[in-house]
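Novice: Chain by chain, the residues run as shown.
There are 2 protein chains.
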Amino acid sequence: MKLELARVVRGTGRLGVLRGLGRTAQHSLEVPGCLLYTHLGAVPHLTQDTLHTLSSLPSVTQVTLSNIAEHQEVLEEFKDGFRKFAGLHDTLLYCSLHDSAAPCPTGYTTNKTVSVWGSGGRIELTVAKFMALQKAVQPDWYQSMADGETWQNNTSRKRVRKSVDRTLAHLDECLLAHQNSQELEGVEVFGVVEGGDIPEERVRSARETAKRPVAGFCLDGLQTGSMDQALRTQLIAAVTKELPEEKPRLLQGVGRPDEVLACVEVGVDLFESFFPFQVTERGCALCFSFNISLDPERAVLELNEDERDTAGETQHNGDVSLDDQTRMTSFEMNLKDKRYHDDFRPLVEGCGCYCCKNHQRAYLHHLLVTNELLAGVLLTIHNTAHYQGFFSALREAVAGDKLDILRRRVLRERKE
Amino acid sequence: MKLELARVVRGTGRLGVLRGLGRTAQHSLEVPGCLLYTHLGAVPHLTQDTLHTLSSLPSVTQVTLSNIAEHQEVLEEFKDGFRKFAGLHDTLLYCSLHDSAAPCPTGYTTNKTVSVWGSGGRIELTVAKFMALQKAVQPDWYQSMADGETWQNNTSRKRVRKSVDRTLAHLDECLLAHQNSQELEGVEVFGVVEGGDIPEERVRSARETAKRPVAGFCLDGLQTGSMDQALRTQLIAAVTKELPEEKPRLLQGVGRPDEVLACVEVGVDLFESFFPFQVTERGCALCFSFNISLDPERAVLELNEDERDTAGETQHNGDVSLDDQTRMTSFEMNLKDKRYHDDFRPLVEGCGCYCCKNHQRAYLHHLLVTNELLAGVLLTIHNTAHYQGFFSALREAVAGDKLDILRRRVLRERKE
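Top to bottom, those sequences are chains A and B.
Using my numbering, read the first sequence as starting at 170 and increasing by one per residue.
Using my numbering, read the second sequence as starting at 170 and increasing by one per residue.
Pulled out of the complex, with its shape left as it was, chain A reads as follows (with noise of 0.2 angstroms):
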């Protein structure tokens, strides 16, 4: 895997060409973007040819040990590993520990293991465990096992140090325990980056890590709801000032767009895409705008300020806490809100999704609101696309200096 940048230019991000992808390293991936997000095994309730309706997904899709851990005895029986057990055609894999729509319960790491949560509740990983899944899972790359259990407030700085030490431990045993192993010949690691909201912790953390032959970073407890904005983009710029250029950063746990835009001017290259399925769990749908192509007086006129719910911009204040992450945020409209009962227009717009091309918010509401999961299918298809779109209008932003175009235009702001 290696990371070709066409543009890097210091407080407006990276542009560039994730190549070499998977063990035939013949794939790519666009960066800054963002790997297909999978639930449970599944890309949320859309069967493999819906999905592939859609135009222009990401060739990487992530699947996480949370949701596959108790599988481990069925994929080493079954031995073609989880790609093929759960029916995904032509992506490659990248395994990571913890699901970013399901914060796990705290309190269950210890020197020599970490937790997940799958449905049948806890499972504890040694080093050894977590690679043998890796083995029975068969991803192209997958993330090493770390200790991550940072991001709340009252976190002491010796815990900090702890997890930092603890996660490159687990990090150099993985490597090891990788280079020995036969089966996992052409698999990529990437290295995770702790260090809580302690600058000098980050920067160890991300010093140590990068000494590894890591093929990139994922940086860790740096989530939604962790810690504010500023914070967080000041410990990423920190982190990412220590990175090798040409190997790719990975955050976890980010996916709002205004908190995408901000990372990715301090660096980063890759986000999950947990986004568009909490919105979708919670019956809404994406409609913020990132045309940045309009000229300015149509897009003004495009902001249908009514559209749009307010219940997200109170996250901006210093008031964080995980909960958040299901609240409704102000990209995204209601439609189980009565007044789309009678709006027989699509969801957004000139929106070419499936859902905006074949029905309107009223049908969508009625879905809803009778609970077909039809709806859920639906608004999977909506908010996956729309999401994939800004991160394309993001590309286009970078490359031709247009972030701040994009800022104003996802936020609304009005004073252009």
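Treat the hints as calculated values from the structure; they're not laboratory data.
What you were told as hints is all true, and nothing was included just to trick you.
Copies of the same chain look alike in the list, so a pair counts if it works inside one copy or between any two.
Within a straight-line C-alpha distance of at most 30 angstroms, the following computed DSSO-like cross-link-like pairs (lysine-lysine) qualify: (1) K416 to K171; (2) K507 to K298; (3) K331 to K304; (4) K248 to K507; (5) K304 to K380; (6) K171 to K410.
The model shown is predicted, which means the values in this text are computed figures rather than measured ones.
Given chain A, work out where chain B should sit, using these hints.
Specialist: The following block gives chain B in isolation, referenced to the frame of chain A:
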């Protein structure tokens, strides 16, 4: 609408084609056959694109007023009918009163009204409101308003007589309103035959309904759980003798393969297809055999006794109740069962549906135990395909005098 019969044999059913369907009279439907079921205004969980990956779908989709009545104002404002509102393409619409998968509370009919139950509670329909709804829905054919509250064991003779009288009065009122309506030109009406479990009332209802200008007949009050199969076939035989040969007979509330077979033999042409939906809802997959082309030896081998559970067999004894409808039958396998967690076979060997071609039982088991909605999507695909396949085999059996073989196959009797 006209039923062209290719073959009518007493005791082996009617084979034919229902021609001249729809306002343009260009569509047709083979009988014995079934309608495409919708729940809450959608083929459960499927986008129209996914639905149309299934081959040989029925040309007629059933929608029910219980799912639609609360949208009356929205549909009147929308103006283009329910087919377009729900994004259903290329299908004829048949509008019935109740949803056979959701039995409604009794005790709410009066001389002038019947009630349907939507997600927002009870909606009382007069003939005027009923007909206004038909104008808003714009179906190709619809069931006339009827009082069907006669399926309970303790219904008195007097109540049954009243139900027949009321239903005929409703029909006359509906037909009058229909003939005076320009919007309903070209739309056809099915009269409803009531009469509970009293043969004389069944005959009276059939004779009187047949005198009216209806396009076909709905047989109501005979649903699974209301009476045993012997009584049902006896009543249906008495009714169909009174009905004109060239008009179709649609039986409501019966969907189990064994019951369908018995009812076809006494002259029923059309069925609803709520049964595969119920199977899907309980996390099961249809797996009964209906292949009558197999040579007998292979057929016996094909029947994997261990695949199927026997929960439904108890329905054959006299102790019937509507609760039985939600119980598992012997025609399906329960994929939540632990035994499937490492079963890497398709749901049904040789099945050509998307689910069976792409996924294994172990993956479906995983999706079901973790409550991922994709399970419902994939099961709907398989169960719909399997049920359509059964009806196709049923027509083949009527054509070739092989109903006995088909019955043995479906019931898996080994005494050939």
